[in-house]
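Participant: Could you build the full structure based on these sequences and the hints that come with them?
2 protein chains.
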Amino acid sequence: MRLYGGIEAGGTKFNCIVAAGPDQVIAETRVPTTTPEETLSRVTAWFQACQHPLAAVGIGSFGPVDPNPSSPTFGYITSTPKLSWQNTDLAGAVRRALNVPVAFDTDVNAAAFGEYCWGAARGLDTFLYITVGTGIGGGGMVAGRRLHGLLHPEMGHVRVPHDWQADPFPGVCPFHGDCIEGLASGPALQARWGQDPATLPPNHPAWELEARYLALALVNYVCVLSPQRIILGGGVMTNDFLFPRIRQEVQQLLNSYIVHPALLEQIDNYIVPPGLGERSGVLGAVALAQELVSAI
Amino acid sequence: MRLYGGIEAGGTKFNCIVAAGPDQVIAETRVPTTTPEETLSRVTAWFQACQHPLAAVGIGSFGPVDPNPSSPTFGYITSTPKLSWQNTDLAGAVRRALNVPVAFDTDVNAAAFGEYCWGAARGLDTFLYITVGTGIGGGGMVAGRRLHGLLHPEMGHVRVPHDWQADPFPGVCPFHGDCIEGLASGPALQARWGQDPATLPPNHPAWELEARYLALALVNYVCVLSPQRIILGGGVMTNDFLFPRIRQEVQQLLNSYIVHPALLEQIDNYIVPPGLGERSGVLGAVALAQELVSAI
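Chains as they are written, first to last, in my numbering: chain A, -15 to 280; chain B, -15 to 280.
For the record, the hints were derived by calculation from the structure and aren't laboratory data.
Any copy, or any two copies together, can satisfy a pair, since identical chains are not distinguished.
In the SDA-like style, the derived pairs of lysine to any residue whose C-alpha atoms are separated by at most 20 Å in a straight line are:
no., residue 1, residue 2
1, Lys66, Thr19
2, Lys66, Ser240
3, Lys66, Tyr241
4, Lys(-3), Thr62
On a predicted model such as this, the values are computed, not experimentally measured, just so you know.
Facilitator: Spelled out as structure tokens, the structure:
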């Protein structure tokens, strides 16, 4: 059995795994995100201590990143607001320490790819994976290719209608104020309601507003990309009760304009939680590593 | 020289061409859009009267359409609000009358493909073509593949912030009211200002608002898809003075969040008019026909 390393590089922790797939997980760990030097030396030391020969390592990283393999800064975290991580050669550090091929993409593209290989996007070629947590981000595939383009999508920064009378909250995004991340991320919930979102009961008006905003963003994603399915992951989406509310709002907003059974009759199967649960990202990184090896 | 037919099927007219490329145009005509029977018989009769042997015909059509070659209704106009055109087998009618292979896609994907082969998107693999006219629509490519997905994008129906105090106009979209098509299409301009948009001078406040709304939509497209370039065509965009205003608004809205020279320093080269002028669609249909023949 060929083994791969997977790294989900997040702003608060690095999830690391040694696996051949979702049913062949050999070892797993979490390393807190501190400085690049400390974090990366702990991550690579853990893989070395595992003493399993790895065919390749995949990384799905917070960003912005440079995911273009032909660029001189491929595999770097670039202009992130986390200052000590700016211009960090993540892929290079792992490659040098472990001496294996390294695949690299955004955290959300990695998660999307994991769902494509083993989760809720199997059999599809055009779909999105959206995370709603500390931030809001999205990755995905179009016609079987991962979304990159100029750099990579920044789906958390779409603008949506904001009724300032009903919701005078200005949003928390330091760049845009009331983009969807500014209005509906975990920190936005915390700031608007003055309490940890985990303590807000399901009948709190916070969630009605949250479902409405997320539905507005999803409608925009549907209109721009025409995905065959949208997978919603991240901490905020562990509140299962949000799913039926978001689906209903999406249908109301689309108002039967897009005539397709997936949206009209089978929306429960269109807006779904991740098939891999909390492991979409780290297993997606494993899938990136597998893909790299089969392409070499 | 191998010749191809191109048909740009629009709600008010069908543009038809016989060509081998933008510099080898043999014949061109326009047929007004009336009933499907009358329109299609005039279109096919014109191609027959041309008496040039065609290797294939490409069609870029108004929609919604079914662009999936493996679907039983491939090449149909499906659930369009133009009732007499609902469930019209456009590709089949042309194939039967002219006895040639027929390629088929949305009008905006055809235009995007024309720009990719011969116009402002040469050398790119991820970009958008947006038309702003009687409606607003968008097509494009991601990693060299045309956008399809569930059906095809409906970019005119994204939601954007709408300041009802500054602009109490409710929008003209019969499905969504103030989606971007409802707020910024030609008919929206006509309805909001009570006059033909062609008569509104460049310093009229209509255009400041128009640039602002279109910039909001473009920012959403950039955040979802990360295009390497956005081409803006259609009747409204023949008002050249809109381009610098839209570019400036896009930069203000993005607020340097996406750190890339294309957006920060070279935006004149990022948001551009079509390289093929008004022929993007019909030449794009020719390009679809060429692609089909080389794939056969």
